[in-house]
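Enquirer: Next come the chains, spelled out residue by residue.
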Amino acid sequence: MMLKDIEARMQAKFADSPLKRDETGVTGARWSVELPISAIREAAMEFNGAGFFLESITALDFEDTFELVYHYNCFEPASRVTVRVLCGHDQSPASVCDIFRGAVWLEREVHDFFGIKFAGNPDMRPLLLPEDADYHPLKKTFGKVGAYHKREVIYG
Amino acid sequence: MDELVRNEAGDRIYSLNLGPQHPSTHGVLRILLDLDGEYIVKADPVIGYGHRGHEKMGENRQYKQFLPNTSRIDYLSGLLYNHGFVLAVEKLAGIKVPERAKFIRVIAAELNRISSHLLWFGTYLLDIGGITPFLYAFDDREHILDILDTITGSRLTYSYCRFGGVCRDIDWKFIEMSRAFLKRMEARWADYEALVTKNVIFIHRTRDVGVIDRELARQYGVTGPNLRACGVPFDVRRSEPYEVYDRLDFEIPTGTKGDALDRYNVRFREMQQSCRIIDQALDQLPEGEVLAPKVPQKLSPPKGEVYSAFESARGLSAYYMVSDGSSGPYRCHIRVPSFGNLNVLNDVLPGTLVADAISILGSIDVVIPEIDR
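Line order of the protein sequences matches chains U and H. Position 49 (the first sequence) corresponds to 66 in my numbering; numbering is contiguous. Position 272 (the second sequence) corresponds to 279 in my numbering; numbering is contiguous.
Derived coverage of chain U by chain H (criterion: at least 3 residues anywhere in the stretch with Cβ under 8 angstroms from a Cβ of chain H; other residues may be distant):
| id | region |
| --- | --- |
| 1 | 41-48 |
| 2 | 87-100 |
| 3 | 114-125 |
| 4 | 141-148 |
| 5 | 163-169 |
Derived by calculation from the structure, the hints in this document are not laboratory data. Source: prediction; values computed, not measured. Ideal Cβ placement from N, Cα and C applies to all residues, glycine included.
Construct the complete structure from the given sequences, taking the supplied hints into account.
Expert: As structure tokens, then:
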């Protein structure tokens, strides 16, 4: 499936979430889309069906919310797409580990660093931190940090 | 042998701790193996022993202060990571790089790629019982370290790139040494082929061992030579060309089956392609500045995000940074290829022999501190 097809499908499926194109290449992605937290799995299934792979999952900690950032990419032709999901500090997003098997570790890493528990991931042991770790070092409330912003400060 | 338990069928299953300190794990990696006789039933890699918190450090520092960290993420291809980081910051801050610096970066990066592959070549064969190739490979690698030493001043943890160029121009001595190295390697490939590639024992240890096919690679996000070994010509240098890679003529070696032998062959041919790249870049090297003028010491890029991918020696690496307009990133995420490449072992190891596990682990060329970050 070509990027154009999945673009059309995503637009039809998530009509409320417009695709943001990037012509400059700075974000590294052809387009990005901000989806509601309930649409994580649906989006993952779309990309899985289109032959994409999950390049990375990471998160950002803002004063008002977490932001999960999923980067999907395709081998041929290479076409990176960013999916953003806002996830409240007490919310628990759905796991995509039964769609992309490699996501088990990616989600464990996000849990390590941010304390975000993925519902449906069978293995939420610490991956990079010690097994008895009860802290989440990439939260802005941990250790020395420069600034703790609301999300709108950066994305307007 | 920790414990003896029985599975549902009543066979005796026992656990074996491979690592954390094991000569073949290339860093501190522990794999908990459940064994049925010599066969692996379940493998659970345990990582994180080398976690240093590079991402947190990135958020606590100015962009420039993070430069020395970059080459310590994957210490075998330090220059590539160093290069990738400045690429990302240059994109974020909109800094233009002089032509000559672009070529120099490519030359230095490809030299580093060869040195990383040579180290893998030597240690992989050491893992599966061949001691002599290790000595050959380290002899060759030493030449690269000497060459890079003349311009960077380091042997392993290079911090050579700067925002807007490189810190030191290359001179006639560097060019002469590089040319001599390329000439030396031309004769060396035949030696390696005779010694290893055509070696029957080696072929028996690697053929049909640890097959990673296209679908499995996609499921786990495997990239780099491990992916190309199953026939997917996916290389960031070709798919999202950075610096001057789109102006250089090189092939992307691919395999067919995706077994350990294919992975070996892909890396082996990649070294030859890197030599080709260096040769061309030296020919086309333009005159001029190597560092853009007027790049402020304290960078404060505009608000926004950057995701900048580059091809490290092990696959697709990327820096994802979010700027809040201050002098350091609000978030600094590093996508490392070894993460997916090791993760796939959860699926590849079950069903194989313990002896093959060593061969598979070596053939996927992981650098554990890169995963741990």
